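Those protein sequences? They're chains Z and G, same order as listed. Heads up: the first sequence begins at 176 in this note's numbering, then just goes up one per residue. Heads up: the second sequence begins at 2 in this note's numbering, then just goes up one per residue.
Hints should not be assumed to be uniformly reliable.
[To be verified] Cross-link-like lysine-lysine pairs, in silico, DSBU-like; alpha carbons within 30 Å at most: (1) G:K405 / Z:K556; (2) Z:K556 / Z:K613; (3) G:K483 / G:K790; (4) Z:K211 / Z:K477; (5) G:K122 / G:K617; (6) G:K817 / G:K737; (7) G:K108 / G:K245; (8) Z:K237 / Z:K297; (9) G:K245 / Z:K556; (10) G:K483 / Z:K556; (11) G:K634 / G:K678; (12) G:K331 / G:K285; (13) Z:K556 / G:K331; (14) G:K827 / G:K122; (15) Z:K330 / Z:K613; (16) Z:K556 / G:K283; (17) G:K41 / Z:K556; (18) G:K285 / G:K248.
It should be emphasised that the hints constitute simulated quantities derived from the structure, not laboratory data. As the structure is a prediction and not an experimental result, all values here were calculated from the model.
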Amino acid sequence: QNWYGHLTVSPEQVNSILFRNELTVEVDDSKGTSVKTFMTNQLGSNNPMEDRRAEAECILTKAMLFGVFDGHHGPACAQVVSERLLNYIAAEVLPYDVLQQALRMFNNGELRELVNWYQHPKDYVSDDRQLLFRHSLGQYMRDNVAIDFQEEDKKADMLMTSFDRLDKDLSAEAVSTSNGEFNDEGLHTVFSGACACVAYVDADDLYVANAGDCRAVLGRQSEGEPWSAIAVSNDHNAQNVDEVKRIRSAHRLDESSTVIKNGRLLSELAPLRAFGDVRYKWSQSLQHQVLNPWFGANVIPKNYHTPPYLIATPEVIHHRLTPADRFLILATDGLWDCLTPEKAVNLVGDFLLMRDKVGHFHPPSAAMSLEQIHQMLSRRKAALWPRDDNVATHLIRYALGGIHNRFDHHRLANTLSLPDNVVRQYRDDITVTVVFFK
Amino acid sequence: SQDADHSTTSDLPQRARAVICGGGIAGLSTAYHLAKLGWKDVVLLEQGKLASGTTWNASGILGILRRSHFRTRLSRMSYDLYSQLEAETGIQTGLHRCGSVNIGQTKDLMVELQKRHANAKAWGIDSELLSMGDVHRLLPWIRADDLEGGLLVRDDASVQVKEVTRALAKAANDRGVTLLENIEVKRVVSSGGRVSSVHTDRGSIECEAFVNCAGLWARALGLASSPEVRVPLYPLAQQYLITKPIKSRTLDGNGPFVRDMDSLLYIQEHSGGFLFGGYAPKGKPVFEEGLPLKKDSEHIHLPDDWDHFRHLLEGFLHRVPQASDVQFEKLYNSPESFTPDGEFIIGEAPEVRNYFVLAGFGSLGLTHAGGAGELLARLIAIGHTNMDYWPVDVQRFSPQHNSKAFLRARVKEIESIHYRVAYPAFSHRTGRKLRCPPLYSRLGQGGAVFGERMGVERPKWYMAPDDTDEFAHETQRGTFGKPQWFGLVESEYWACRESVCLMDMSAFTKLELTSLGNEATMLLQRLCPNDLDCPIGSVVHTGMLNERGGYECDCSIARLDTNRYFIICPTIQLVKAHHWISNHLPPDGSVTLRDLTNQYAGLNVLGPKARDVLQKLTTTSLSSADFRPFSFKELNVGFATGVKAMTITHAGEDGMVLYIPNETAVQVYDALLEAGKDCGIRNAGYYALRWLRIEKFYFYWGEDFDSTTTPYEIGRDMRVKFDKGVEFIGKSALLKQRQEGVKRQLLGFILEDHNINTDLWPWGREPIYRNGQHAGMTTCSSYGPTQGKMTCLGWLTNRDADTGQMLEVTPDFVNKGQYEIDIAGKRFPLKARLYPSQLGAKQPTHG
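Assemble the whole structure, with the sequences as input and the hints as a guide.
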């Protein structure tokens, strides 16, 4: 018997835990976007949870943005990135004339932000730092306007630029203190780190900008075909050969055995791209000057010779959406530790098939032949019947308590009742956002 | 209703002779037949419109050939009724002898179809076995290449359900029945144990008899009377689909309907397309939250459930490949009520006199209600029927069977029962452990594989304790031949014959009858043909007969004291025997009847060493001189006191049945196992008991004979005591029969030239032929290891080949015939025996 064998969590308690952070949004048809619905949910393992998520629509364009952020060394960086990155992207992608207009409105207070957020009631907002965030965003816009544009940049480059700019701003804000005092919040933000995976959906164009080990997978189904999982991001970790090659080639030859060791950057950090984490970015001297007084002398990693070792620049993958592309799953590695992309896509696919189970299945058209109806029914029979209305919850439930094609309450209950001090050894924070396309 | 041509006046009469609740086919048929029997003052109340419950939704299939002769007779009565209604009312009922084809995909189903064919031949029904090629020629539109064959039943029919009910209503109305719609029965009130009036939402009606034909609502209506009447049934969703017409071919609409029983599917031609439906492998109970009321004229239906229909669609598309492109017209879903055993419910409720029930047809209402209505009307008007209806009697259920949770669990399995291969000795999987005797867990530890009767779990046989559940499952696999459990039961049989065994008999019904004076004796003397004014301590095997001399119950009665009797009845008579006796209790309350069934465990200690083993645990002498066969003693056994011991074993072996107070049963059982260790004591199940009793021609009530059977017909002449000086019920009928001789006789038959390893076994319900002429049916059978032969019990009749008249069955007639049994189309010679072979203490030739 397990040491936690006596712990029992009822199915109702399991549900109340799983439902706590779920959010389902039917996107208004009038927005003219290709996104129909999105569903998101989070389940914490760390306390406080280090994952963040953000979803928003651009105010001045029809694009929509979805992000998942996996923090490490604390939630501070992920929190700030989740509050700001989408604004930065919105600012970067605006056409030059619109940007000028937006800046005017921003300056006279008509526009506070460049995106409308879809918020969960429990979402935390750093109220006391909004002024700073807005100031930095304004500066970014001004800088962009100041550049004399000859032609529009490629979207992919824009996304990379906005990531870099935010990371640069974070650093700058941490260093700048008005009176030499310890910049508590700024330093904590950059002392911690965050991977980010953001989907930018503009009409039929999908861009996924990924920095770190979150992952985006597209669920595709052509007529009569089984579901297929299309990767639209690459993990930036030591398993990624190209990524390892990139880092090794950016540093001295004699560092090749130390720059990535034991599958980690400088033996320490698993993701190879991230926001914050200035311990792998700043020069030794800057760290001595800014970090040592507050975080101690051992802050600088071993074998730290040619910084920066870490970048926040995302890898951007563009995908032109087709009618066969039915949904996009964005999730932090907590989910992917438990589910393969194929399984996740199949689960969402089944969910689509079964979601009308409450109102029960009815042949979509009276013109369907009996054989076609039979095929649909057979697929439904093979599917796992979801218990959740939110597909993100469905994925999390399966990730923690799924066995083959059913749920095991005891597995789920045991996973959810692990005490705080050991839970992290069994599972990571999980954040899932599923975006359904029209 | 709009097309009604009968009066539906809304004036509620103040009184009526009979009030029938429910205007479906069951209620209308009962009303019609009551009127036909001369009951003019009959009122039928319907909460909505006539035939709007589940009757309207019937697909119109009227299958004449059923598994049992009883139900075949009923469906033929229905057929005759529906055909006669056309002439009587002028309403065309669309009755059409379209025939049916049962197709078989598996060898086992073909065995069953061959058995049905053999029965059809015996019962005079036109049927024909088909090869795969025959099926293909007859039904070119179905896929036949995976079939083993089929059975064409030319007498099966179809009918327009709506027209039949319209005609029934008209005919009933013409004969004076008052049909009232939109009246809801709220409560049935009784006084003095009899129905006195019926309360409705429009006032109440006083009545002599009430008939609950409320279909889906019958159970709820039963609960709405005081005392509550148990009508155990529960609704399941039943679906069928109608396709659009098929363009590529022409259907004449007159072809036979098809039953693909392996796929639980039936298919009918319908308006140039098809109508198909069937049964779910696992039924879907509906209306958990309570039944809907039917106030409006809407038919009751459920939202379609395509997921639940998937397997039928799959089976249909497989069977009719050209239908894959066709579109559907509509999927119909309506509730049908099912009972715990799949048979409908008829008869007088044991709880309230003159409260009658007819419901629970489980989608076979059209087929059976015509005949069943006639049966019930006779029961109401005449007080009895000439047909035994025990298989469908409302009294066949225990009180536990009416539990909602049980019903929900059980009916899931029951839905498909009429389409599944009817393997012999079948046990339900769901709704088990309804009643567990005190030794249940002990016997389970001992390797018991349980079966269930009347909800009681009883061991069928025992596995070795180290055998797995998987093995138990394997031994229970259905077969028509030598069963997997053969070796296990055989070794139990020999242990019973040669040493000593313990058998749990707790399931038996146990009643106690007491009085202050001699009233109990007087009552039993009137109820029983045998002499119950016997010495204290004797056990009398007797029955209780009805006026026609038929067995209402079969029992062993121990006289415990001058005015105290202990009555042991078959398990299945838990309700029936109690009901029969309590209906005859003197009205002055001088005799007390108590049901002790659940207070005593029964343990049969049988075998030549039984007395030796028991003697170790008691100081009372158990020698056969001191404790003679057919006697009773109260013993102390081990730590237990007050153990009722009767020297009968129901198996014809030496030994005794102990009735042990529940709380001491485990101790006595353990003590017996310990005491009998040196004699090789072991457990035995009731299959071993069956082998023992069938070999010795011990007939069982409910299995071999029934309420229409007299003692003379089953060789129990010795148990009828005309000279005991008391007029017992049924005496005059028996005297008459003694004069005239019996027209049928229950006999033992020994099967010859039969290889138990390679031939199919007889299991009961096989036709018996005498000199090539159908002369009866077997009731049950078993293997007899001592003789190494199969023994069948069965009925023999003597029908004059020319006149069709039934003649006396004399010993001469029995002895001079050449007998054969038809087992699934193959005939085997039989030897008829009036008396069992003397098995004695002969040592077996068995290794």
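Index of numbered hints that the structure contradicts, given in increasing order: Numbers 4, 5, 7, 10, 17, 18, in rising order.
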